[in-house]
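Based on these hints, arrange chain B on the given structure of chain A.
There are 2 protein chains.
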Amino acid sequence: MNNLLKDIEEILLMGPGPSCVHPKVYEALSSKTLGHLDPHFIKIMDEIKELLKKLLNTKNNLTLPLSGTGSAGMEACLVNLIEPKDEVLILINGVFGKRMQEVATRLGAKVDTLEFEWGTPIQPELVREKLIDSSYKVVAAVHAETSTGVRNPIEKIADFFKDSESFFLVDAVTSLGGMEVKVDEWNIDALYSGSQKCLSCPPGLAPSSFSDRAFDSIMNRKTKVPNWYLDMSLIGQYWQQERKRVYHHTAPINMLYALYQALVMFFEEGPENVFKRHMECYEMLKSELNNMGLKMFVQEPYQLPMLNAVAIPEGVDEAKVRKILRSDYKIEIGAGLGPLAGKIWRIGLMGHTARKNNVETFINALKEVL
Amino acid sequence: MNNLLKDIEEILLMGPGPSCVHPKVYEALSSKTLGHLDPHFIKIMDEIKELLKKLLNTKNNLTLPLSGTGSAGMEACLVNLIEPKDEVLILINGVFGKRMQEVATRLGAKVDTLEFEWGTPIQPELVREKLIDSSYKVVAAVHAETSTGVRNPIEKIADFFKDSESFFLVDAVTSLGGMEVKVDEWNIDALYSGSQKCLSCPPGLAPSSFSDRAFDSIMNRKTKVPNWYLDMSLIGQYWQQERKRVYHHTAPINMLYALYQALVMFFEEGPENVFKRHMECYEMLKSELNNMGLKMFVQEPYQLPMLNAVAIPEGVDEAKVRKILRSDYKIEIGAGLGPLAGKIWRIGLMGHTARKNNVETFINALKEVL
Chain A
1 MNNLLKDIEE ILLMGPGPSC VHPKVYEALS SKTLGHLDPH FIKIMDEIKE LLKKLLNTKN
61 NLTLPLSGTG SAGMEACLVN LIEPKDEVLI LINGVFGKRM QEVATRLGAK VDTLEFEWGT
121 PIQPELVREK LIDSSYKVVA AVHAETSTGV RNPIEKIADF FKDSESFFLV DAVTSLGGME
181 VKVDEWNIDA LYSGSQKCLS CPPGLAPSSF SDRAFDSIMN RKTKVPNWYL DMSLIGQYWQ
241 QERKRVYHHT APINMLYALY QALVMFFEEG PENVFKRHME CYEMLKSELN NMGLKMFVQE
301 PYQLPMLNAV AIPEGVDEAK VRKILRSDYK IEIGAGLGPL AGKIWRIGLM GHTARKNNVE
361 TFINALKEVL
Chain B
1 MNNLLKDIEE ILLMGPGPSC VHPKVYEALS SKTLGHLDPH FIKIMDEIKE LLKKLLNTKN
61 NLTLPLSGTG SAGMEACLVN LIEPKDEVLI LINGVFGKRM QEVATRLGAK VDTLEFEWGT
121 PIQPELVREK LIDSSYKVVA AVHAETSTGV RNPIEKIADF FKDSESFFLV DAVTSLGGME
181 VKVDEWNIDA LYSGSQKCLS CPPGLAPSSF SDRAFDSIMN RKTKVPNWYL DMSLIGQYWQ
241 QERKRVYHHT APINMLYALY QALVMFFEEG PENVFKRHME CYEMLKSELN NMGLKMFVQE
301 PYQLPMLNAV AIPEGVDEAK VRKILRSDYK IEIGAGLGPL AGKIWRIGLM GHTARKNNVE
361 TFINALKEVL
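These protein sequence lines are chains A and B, in that order. 319 is the number that the working numbering gives to position 319 of the first sequence; each next residue is one higher, with no gaps. 172 is the number that the working numbering gives to position 172 of the second sequence; each next residue is one higher, with no gaps.
Honestly, the hints are just simulated from the structure, not real lab data. Please note that the accuracy of each hint is not assured.
[Stated by the list, open to error] Residues from chain B that face chain A, not an exhaustive set, calculated with beta carbons under 7 Å:
| # | residue |
| --- | --- |
| 1 | Leu4 |
| 2 | Ile11 |
| 3 | Pro23 |
| 4 | Tyr26 |
| 5 | Lys43 |
| 6 | Thr69 |
| 7 | Lys224 |
| 8 | Met255 |
[Unchecked claim] In silico BS3-like links for lysine-lysine, alpha-carbon gap of 30 Å or less:
| # | chain 1 | residue 1 | chain 2 | residue 2 |
| --- | --- | --- | --- | --- |
| 9 | A | Lys110 | B | Lys222 |
| 10 | A | Lys32 | B | Lys286 |
| 11 | A | Lys49 | A | Lys224 |
| 12 | B | Lys323 | A | Lys32 |
| 13 | B | Lys137 | A | Lys222 |
| 14 | A | Lys54 | B | Lys32 |
| 15 | B | Lys130 | A | Lys53 |
| 16 | A | Lys59 | A | Lys137 |
| 17 | A | Lys6 | B | Lys32 |
| 18 | A | Lys85 | B | Lys49 |
| 19 | A | Lys330 | B | Lys137 |
| 20 | B | Lys24 | A | Lys6 |
| 21 | A | Lys222 | B | Lys110 |
| 22 | B | Lys222 | A | Lys137 |
| 23 | A | Lys222 | B | Lys224 |
| 24 | B | Lys110 | A | Lys24 |
| 25 | A | Lys130 | B | Lys224 |
| 26 | A | Lys54 | B | Lys6 |
| 27 | A | Lys276 | B | Lys32 |
| 28 | A | Lys85 | B | Lys222 |
| 29 | B | Lys286 | A | Lys43 |
| 30 | B | Lys110 | B | Lys98 |
| 31 | A | Lys32 | B | Lys49 |
| 32 | B | Lys6 | A | Lys6 |
In this text, a Cβ means the ideal position worked out from N, Cα and C, and glycines have one as well.
In isolation and in its complexed conformation, chain A is listed as follows (with noise of 0.2 Å):
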């Protein structure tokens, strides 16, 4: 039989994740594996949540990655704050946003939604309004919308959790590692991200943090968590860095390795180089994309430098420039979810994939395409 493994060419990775792996990142994935107890893996294991933390600018102990993807984090973050009944409030204006309010009604949420056009910011006047005279125990929303590339103005939603009962949980899947995430500062009490997006490892962890306010909630719970796998206070035990760790499930050690790899270079690279380098190469997309008259999707202050949404041009076949680029340029752009299908295409400048000479790539590309 052939190896199909030995066919897989390098794919310039400018979709909404996964981004292009830092070879670096490969070399750690590869490390010999320890077992999931070992002291060395251990100090590993303690290292990542100091990073973390670090990252999510919090002091919160239970910030770890989950054995999942970004959408396990999704559902880690639900499943451990909500019990049958309580009421949820989920903010929405794109696939992520409602994507958990189908997981939050299927855990028996009493679930009520605030929807606002997609391609468009969640405004937070009118959250401010719904949030008058209500109780809900939980109010979610997405940072960075991937399917969109609406940036959500967290940061100003967040005021309004100052001194509230109700959690605020935040998806910031594709904003982490890209832009700042402020999770103590913006009064954020569970927020979840995914390893494949701007911290440009493999996909297969969702780094996640939970307030101090938020683990009491979880266990003070009348009910257990109905999901043992992502049940927060027993992860937590064998996370923690303080007392004698328990066995809970096999942590997934090569993918933590790279995870490691990947927040140390962040860190060596400097958040603010980081975040400049991603601003530059959106501004750089940008710009040339103007040039060849295409339009972004979304209004100028609410882009995300990591996703940018592009208007389809009219009388372009979308899927066949995708198809195109990916056969004989090698490079993978998204495109759009629901009802944005055959409408915009979403291209990622993420992680290692936000450089300057894989813009230039891509927009020669797609010059020679269109």
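Okay, now just chain B, sitting in the frame of chain A:
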């Protein structure tokens, strides 16, 4: 900061998993990341499905690796098959049977159990009696009980499910890839395993399989699966070969490369040769331990070749022995869990670890330490 990955030593992994990873699997793991909808990646997914079906001796179309560790596989099998108040029987003789009881209880099932002393096997005749006049929706058992080293006679219990309405659910985490697992012949409706045992991949994937009858039942649930991340009706749409794939969550691409490579190597060596290699290493280990005056914890016919529970000799500080093996000999073996803590060592001979030179290395080290 000192990079902790540089200090990773190569450890001979002879615990209950992870097992040693073959160099070719490490190489596969660090193959260039592709998009999760990339045409070449889809070819690899299709081939993984076919190889898993062959490994599991099944025609089940819903056979695929789930994006989590073995425990996520357990969660998936139970959460998809169980609805609140469903009657479930769990056959328990170790930690992983107990864990199934816990998971099923959290999901709102009416859980009945049949327990056997830890270190002894499930007794089929007692199961048969228990099933008379019963109407369990799901009956679950562990094939290779990793916590005790017991091989449960799944092939005998299987007979009771020939024309049964109950779903037969089997944990094959430690058995798969080290001994015969025959899903169709054994009337198994749902099965999960892990990548890090006899398949010798790093941890992070749960190869799983559902019969057509189980899948029909999932598609006809009264309530949606209260776990979006592990909903087989959605995951199946991403892994289906026949129709258009629907994006669910971003697959753990590089882990899937590793699993693909491990499966390719399994069939290159040939199932019979792999199983024979496991048996020969086990026979060698047992004979050497016997020469040293050490006793196996499990009776002969129920011993697992890939996980050997050894009674701690009187007066020996078992934790100290493990510590010295790890620090001075770079060998990891496992401790006992739960009621067997301090009573047994668990010596794994799984996958790439199951080689005679490893048994020799271990025995020589153990002789020196004791």
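Here is how each hint holds up against the structure:
| no. | hint | in the structure |
| --- | --- | --- |
| 1 | Leu4 | holds, 5 Å |
| 2 | Ile11 | holds, 6 Å |
| 3 | Pro23 | violated, 9 Å |
| 4 | Tyr26 | holds, 4 Å |
| 5 | Lys43 | holds, 6 Å |
| 6 | Thr69 | holds, 5 Å |
| 7 | Lys224 | holds, 5 Å |
| 8 | Met255 | holds, 6 Å |
| 9 | A/Lys110 <-> B/Lys222 | holds, 19 Å |
| 10 | A/Lys32 <-> B/Lys286 | holds, 28 Å |
| 11 | A/Lys49 <-> A/Lys224 | holds, 25 Å |
| 12 | B/Lys323 <-> A/Lys32 | holds, 19 Å |
| 13 | B/Lys137 <-> A/Lys222 | holds, 27 Å |
| 14 | A/Lys54 <-> B/Lys32 | holds, 29 Å |
| 15 | B/Lys130 <-> A/Lys53 | violated, 51 Å |
| 16 | A/Lys59 <-> A/Lys137 | holds, 22 Å |
| 17 | A/Lys6 <-> B/Lys32 | holds, 10 Å |
| 18 | A/Lys85 <-> B/Lys49 | violated, 39 Å |
| 19 | A/Lys330 <-> B/Lys137 | violated, 50 Å |
| 20 | B/Lys24 <-> A/Lys6 | holds, 12 Å |
| 21 | A/Lys222 <-> B/Lys110 | holds, 19 Å |
| 22 | B/Lys222 <-> A/Lys137 | holds, 27 Å |
| 23 | A/Lys222 <-> B/Lys224 | holds, 22 Å |
| 24 | B/Lys110 <-> A/Lys24 | violated, 50 Å |
| 25 | A/Lys130 <-> B/Lys224 | holds, 29 Å |
| 26 | A/Lys54 <-> B/Lys6 | holds, 22 Å |
| 27 | A/Lys276 <-> B/Lys32 | holds, 26 Å |
| 28 | A/Lys85 <-> B/Lys222 | holds, 19 Å |
| 29 | B/Lys286 <-> A/Lys43 | violated, 34 Å |
| 30 | B/Lys110 <-> B/Lys98 | holds, 15 Å |
| 31 | A/Lys32 <-> B/Lys49 | holds, 27 Å |
| 32 | B/Lys6 <-> A/Lys6 | holds, 28 Å |
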